[in-house]
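Participant: Whole structure, please, built from the sequences with the hints as guidance.
Chain residues, written in single-letter form:
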Amino acid sequence: MALFATCVTDTLYPRTGQAVVRLLERLGCEVDFPEAQTCCGQMHYNTGYPRHATALAGDYERIFAEYDAVVAPSGSCVGMVREIYPKLLGSARAASYSHELSEFLVDVLGVTDVGAYFPHRVTYHPTCHSLRMLKVGDRPQRLLRAVRGLELVELPEAESCCGFGGTFAIKNSDTSSAMLADKISGITRTGAEVLTAGDNSCLMHIGGGLSRLRAGVNPVHLAEILSSTEEEPWQAVA
Amino acid sequence: MAGRGVTWLGTPTFPKAARTALADTQLRTNLRNATTTIRGKRAGAVAELPDWEPLRRAGEAIKDEVLANLDTYLERLEAAVTARGGVVHWARDAAEANAIVLRLTREAGADEVVKVKSMATAEIGLNEALAEGGVHAVETDLAELIVQLGEDRPSHILVPAIHRNRSEIREIFRREMPGVDQDITDEPRELAEAARKHLRQKFLTAKVAVSGANFAVADSGSVVVVESEGNGRMCLTLPETLITVMGIEKLVPTWSDLEVFLQLLPRSSTAERMNPYTSVWTGVAPGDGPKNFHLVLLDNGRTDTLADTVGRQALRCIRCSACLNVCPVYERTGGAAYGSVYPGPIGAILTPQLLGEDVDEQAKSLPYASSLCGACFEVCPVRIDIPEVLVHLRAEAVESKSKAAPEAAAMSALAWAMGNPRRWAAAQKAAGVGRLLSRGGRISGLPWPGSRWTASRDLPAPPKETFRAWWRRTRG
Numbered sequence: 001m002a003l004f005a006t007c008v009t010d011t012l013y014p015r016t017g018q019a020v021v022r023l024l025e026r027l028g029c030e031v032d033f034p035e036a037q038t039c040c041g042q043m044h045y046n047t048g049y050p051r052h053a054t055a056l057a058g059d060y061e062r063i064f065a066e067y068d069a070v071v072a073p074s075g076s077c078v079g080m081v082r083e084i085y086p087k088l089l090g091s092a093r094a095a096s097y098s099h100e101l102s103e104f105l106v107d108v109l110g111v112t113d114v115g116a117y118f119p120h121r122v123t124y125h126p127t128c129h130s131l132r133m134l135k136v137g138d139r140p141q142r143l144l145r146a147v148r149g150l151e152l153v154e155l156p157e158a159e160s161c162c163g164f165g166g167t168f169a170i171k172n173s174d175t176s177s178a179m180l181a182d183k184i185s186g187i188t189r190t191g192a193e194v195l196t197a198g199d200n201s202c203l204m205h206i207g208g209g210l211s212r213l214r215a216g217v218n219p220v221h222l223a224e225i226l227s228s229t230e231e232e233p234w235q236a237v238a
Numbered sequence: 001m002a003g004r005g006v007t008w009l010g011t012p013t014f015p016k017a018a019r020t021a022l023a024d025t026q027l028r029t030n031l032r033n034a035t036t037t038i039r040g041k042r043a044g045a046v047a048e049l050p051d052w053e054p055l056r057r058a059g060e061a062i063k064d065e066v067l068a069n070l071d072t073y074l075e076r077l078e079a080a081v082t083a084r085g086g087v088v089h090w091a092r093d094a095a096e097a098n099a100i101v102l103r104l105t106r107e108a109g110a111d112e113v114v115k116v117k118s119m120a121t122a123e124i125g126l127n128e129a130l131a132e133g134g135v136h137a138v139e140t141d142l143a144e145l146i147v148q149l150g151e152d153r154p155s156h157i158l159v160p161a162i163h164r165n166r167s168e169i170r171e172i173f174r175r176e177m178p179g180v181d182q183d184i185t186d187e188p189r190e191l192a193e194a195a196r197k198h199l200r201q202k203f204l205t206a207k208v209a210v211s212g213a214n215f216a217v218a219d220s221g222s223v224v225v226v227e228s229e230g231n232g233r234m235c236l237t238l239p240e241t242l243i244t245v246m247g248i249e250k251l252v253p254t255w256s257d258l259e260v261f262l263q264l265l266p267r268s269s270t271a272e273r274m275n276p277y278t279s280v281w282t283g284v285a286p287g288d289g290p291k292n293f294h295l296v297l298l299d300n301g302r303t304d305t306l307a308d309t310v311g312r313q314a315l316r317c318i319r320c321s322a323c324l325n326v327c328p329v330y331e332r333t334g335g336a337a338y339g340s341v342y343p344g345p346i347g348a349i350l351t352p353q354l355l356g357e358d359v360d361e362q363a364k365s366l367p368y369a370s371s372l373c374g375a376c377f378e379v380c381p382v383r384i385d386i387p388e389v390l391v392h393l394r395a396e397a398v399e400s401k402s403k404a405a406p407e408a409a410a411m412s413a414l415a416w417a418m419g420n421p422r423r424w425a426a427a428q429k430a431a432g433v434g435r436l437l438s439r440g441g442r443i444s445g446l447p448w449p450g451s452r453w454t455a456s457r458d459l460p461a462p463p464k465e466t467f468r469a470w471w472r473r474t475r476g
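Going down the list, the sequences are from chains E and H. Numbering of the first sequence is given in the working numbering, commencing with residue 1 and proceeding in unit increments. Numbering of the second sequence is given in the working numbering, commencing with residue 1 and proceeding in unit increments.
Rough simulated footprint, nothing fancy, chain H against chain E, three-plus residues with beta-carbon under 8 angstroms:
#1 6-13
#2 34-46
#3 170-181
Not the full set, but computed from the structure, chain H residues with beta-carbon under 10 angstroms of chain E:
#4 Cys373
#5 Ala375
#6 Glu378
#7 His392
#8 Val398
#9 Arg468
Distance windows between CB atoms, simulated:
#10 H/Arg472 x E/Arg62: 18 to 24 angstroms
#11 H/Met274 x E/Thr188: 40 to 46 angstroms
#12 H/Arg57 x E/Glu66: 36 to 42 angstroms
#13 E/Asp138 x H/Asp183: 50 to 56 angstroms
#14 E/Ser185 x H/Arg189: 32 to 38 angstroms
#15 H/Arg439 x E/Ile170: 21 to 27 angstroms
Rather than coming from a laboratory, the hints here were simulated on the basis of the structure. Please read these numbers as outputs of a predicted model, since none were measured by experiment. Backbone N, C-alpha and C define an ideal beta-carbon position, used for all residues, glycine too.
Facilitator: Below, the structure is given as structure tokens:
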């Protein structure tokens with residue numbers, strides 16, 4: 001199987017990629033990272049540049065064609081591959097072998113207890129594309145509930161968008177910031193120490209707001225929680 | 001009035017209008033309360049039906065079949081209406097439709113018309129056009145009346161006064177409603193009673209009524225209006241002349257097709273199992289209801305929209321407004337920021353399409369007024385993939401712009417870098433320079449346009465080692 005790291009994780013959140021590798025290897029998978037990969041093209045597609053996106057989609061299909069499965073730590077990028085690639089490429093091939101991390105763990109590997117240890121109070125934000133495009137349902141929560149030491153607290157108005165939306169955050173900065181403020185108010189009300197989600201782009205947005213407010217809540221990708229063990233526990237960035 | 005109407009001339013682009021709306025904390029509170037309540041109720045009403053998904057699929061299929069054969073169904077409708085004693089008029093745009101209604105009103109010898117709440121007549125700016133011709137239009141829907149008296153603009157398709165709370169409504173009534181008791185309180189009962197007295201006088205004296213139509217049945221020529229208050233039924237039955245202005249996409253083929261929509265519409269819009277008043281009329285009936293019935297079939301950009309294979313799904317819309325109630329953008333900004341009679345997610349795709357070649361910078365900004373969270377598609381009773389159309393319209397806007405525009409250049413450069421892993425690694429290395437801007441692992445201030453991000457959010461400093469560099473170092 002192959003890891004599709006996604007451009008955001010590759011560039012800004014290498015710890016998430018490393019966590020996916022560690023987690024999947026612990027569960028007995030043989031993980032490869034084809035270095036020709038770059039980006040799924042979602043930002044181009046959503047901003048109105050479908051031709052650039054189609055070129056990147058073609059690259060993706062070619063690069064990963066030889067693997068049994070591709071796993072990505074992003075509901076949004078897998079949503080792009082699964083829902084939009086068939087429209088752009090006229091082929092559902094890439095869609096058929098691509099999985100979001102929680103889907104892969106629960107549906108393909110058939111595990112919910114991945115042997116993780118994470119002694120923190122955590123709240124989970126279901127990102128829009130995981131929720132509505134991929135319909136991952138409660139898979140992430142089932143995985144989190146099986147983590148030893150973890151206390152999962154419910155996020156108020158969990159299903160409302162954080163306001164990221166790619167270039168929306170720039171083009172409609174004021175509206176995006178208003179959505180973010182409401183999301184952050186929900187998070188801080190939970191008293192959680194850690195906010196988790198299946199998408200680093202949303203975590204970058206919410207995390208950016210939490211950081212600005214010095215809210216004392218750490219944004220941590222789901223993969224990093226699931227890869228954390230007693231022997232090799234997760235550690236906050238210095 | 002310019003060409004097709006639809007938008008309010010002179011309104012700013014969405015990001016600018018949104019900034020003004022966001023600063024109005026009363027508006028945000030009113031909207032949040034209203035949308036949160038109706039969202040919860042809708043979810044409950046929909047969950048009661050075990051066949052909701054098949055119903056949505058049926059609604060989608062019926063509308064698609066109508067759109068694919070619109071010419072045939074429209075001719076069938078015209079024949080059926082005419083056979084039952086109605087008169088059918090065809091209007092290419094707002095100006096033609098307004099002229100027809102004004103002429104018919106004058107022929108009926110009236111200088112005042114009562115109106116059933118209607119999106120089509122709002123779209124063409126009928127009230128303003130009638131006023132220019134010396135005819136006063138009275139809105140009889142309670143919320144439309146509030147908006148009209150307040151010299152305000154509707155903020156929602158179904159709940160036009162959603163942005164007003166009851167103490168604001170009390171003030172509007174005291175100020176603008178002739179003869180109202182100045183000691184009126186803000187109790188809903190008292191407010192409704194005042195409106196009732198005010199409107200009763202209008203119903204009993206009006207010679208002409210103007211309505212929209214929720215549906216029309218091609219086979220029988222029947223026209224359908226669904227509503228909650230009964231004001232519409234008063235308009236549809238009391239006056240001598242009834243003029244209905246209907247978008248040409250509002251057709252269903254047969255009477256039995258209506259069944260699907262009479263389940264989809266009320267649950268999606270007001271979270272009711274069944275709407276309180278469903279009025280159906282077919283031509284004229286001697287001794288019962290209006291003596292004259294005119295049906296104005298309005299194009300106003302619809303056939304142009306139909307020509308777009310991706311965008312045409314917007315014409316399936318039954319104006320339920322479920323998408324507005326779940327939209328996180330609408331919830332923060334309200335309807336006025338969209339500068340159009342059609343606000344919210346559906347407005348963002350319908351407005352620029354109806355305008356066609358009349359589209360301006362304001363309407364062009366609407367497809368970007370979405371984070372593409374997908375909540376609108378999830379609730380749409382006729383499965384309009386609003387995010388798909390938004391992205392499609394963005395691509396059209398990009399096509400019409402210069403390739404040298406900064407955004408287009410940046411997107412091309414990025415795609416070029418991403419087209420090759422060596423170039424991509426080099427670009428990542430360049431981005432790593434961002435570390436120099438950071439303090440304590442965060443970047444809090446960037447030059448424009450990055451400042452639009454850092455106005456309210458930090459960025460993480462790029463790490464010393466990308467994932468691919470780590471992979472190469474440890475596994476490569």
